[in-house]
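Colleague: Sequence:
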Amino acid sequence: MKQISPYGLSILGAQNKVGLRVFCGIMDSNIKSDEITPHRDLQAECMKSFTIPSLRDGPLTESYTYHSPLPSLLTANKNEPCILGIDEAGRGPVLGPMVYSICYCTLSKYVQVSKMGFADSKTLKESDREAYFKIIQSRQDCIAWSVRVISPQDISWNMLKRDKYNLNAQAHDTTIQLIREILDRGVNINEIYIDTVGPPESYQVKLSRIFTGINITVAKKADSLYPIVSAASICAKVTRDHVLKNWVFAEKNLNLNNSFGSGYPSDPNTVNWLKENRDVVFGFPRIIRFSWATCETILKKNTSPVIWPEEETSSRDPITSFFTEGEKEKEKSFSNLLKEMKINYVSEF
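Per the working numbering, residue 294 is the first one in the sequence shown, and the count goes up by one each step.
Honestly, the hints are just simulated from the structure, not real lab data.
Note that the structure is predicted; figures quoted are calculated from it, not measured.
All the pointers check out, no bait thrown in.
For each label pair, taking beta carbons as the anchor points, the in silico distance ranges come out as:
(1) Asn550 - Ser401: 45 to 55 Å
(2) Asn461 - Glu589: 11 to 21 Å
(3) Lys457 - Val599: 19 to 29 Å
(4) Lys499 - Lys408: 24 to 34 Å
(5) Asn481 - Leu547: 48 to 58 Å
(6) Glu589 - Val541: 18 to 28 Å
(7) Asn461 - Glu633: 36 to 46 Å
Under the rule of at most 30 Å between Cα atoms (straight-line distance), these lysine-lysine pairs were calculated in the BS3-like manner:
(8) Lys371 - Lys499
(9) Lys371 - Lys402
(10) Lys427 - Lys408
Just so it is clear, CB atoms sit at the ideal spot from N, CA and C, and this is done for glycine as well.
Start from the sequences, fold in the hints, and give me the full structure.
Modeller: Written out as structure tokens, the structure reads:
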């Protein structure tokens, strides 16, 4: 009998009755090699009931976390050692959320998981990413995953506040948060593999100090090197794609469309959408990351300028004033706003 991989996407061209059984990771010894014939509609058939449990209804104005159910092997034995991978999607776009994902499975099943054919989500077509995501969902016996969806509003707020909270720091803290939440669920994580954010060496040292006793590997291109990281990248990318496809604008009574492309500044569709949907006073809706240089450039060139008055100076007298002879005429302090409005004192109160 011809050997067929029970996990790879090569089976997506098989007949429906064969493909559906193999697609979910079930190898049937009764399947004959001559039953495997091309069928272009298999993937569409498999995806008919496709759902994204990590999506939320309504406008995305706050960040949130989703955790899939624990694998059945872990509910039966929480001491079962596991391997965990971490990756993100949407770090560079000027719009939409940044999504961090973790995927973990039992070490006893990791050889099987490695044969599923997972790859870096950026190298896959959208249909293939969704097909792989369906496989991950179907293997609830040994695989689980979580995502942290960071809203563009939170990204902007953190990066523009006085005590700037940059994207690398947000990424590190999100990674740490997700790992802690999985450990708090009682999962016995033995190994962690992470796609790098910044220099891998210092990041690995940082995480190893926090999570002692766990073997942690931070590497460049980890989503191409380690199947468990590839699986995490697929969960992150599919979640982000569908958040954008189903985006609900928080701003009411605005004629806005979802034709904003990928969100990357190099995408002509994104650039056109930004130009067509800017407001001369309010700028952009909350889907946009206002801290991005692309956004700042458009706002500076194509919107009304805003002058922010400086804070008023303190009215307290310096301590040296108590040691001077006589009283001196004190100049009253004015805010810039009052000065611009030509308002002045007319009498003492």
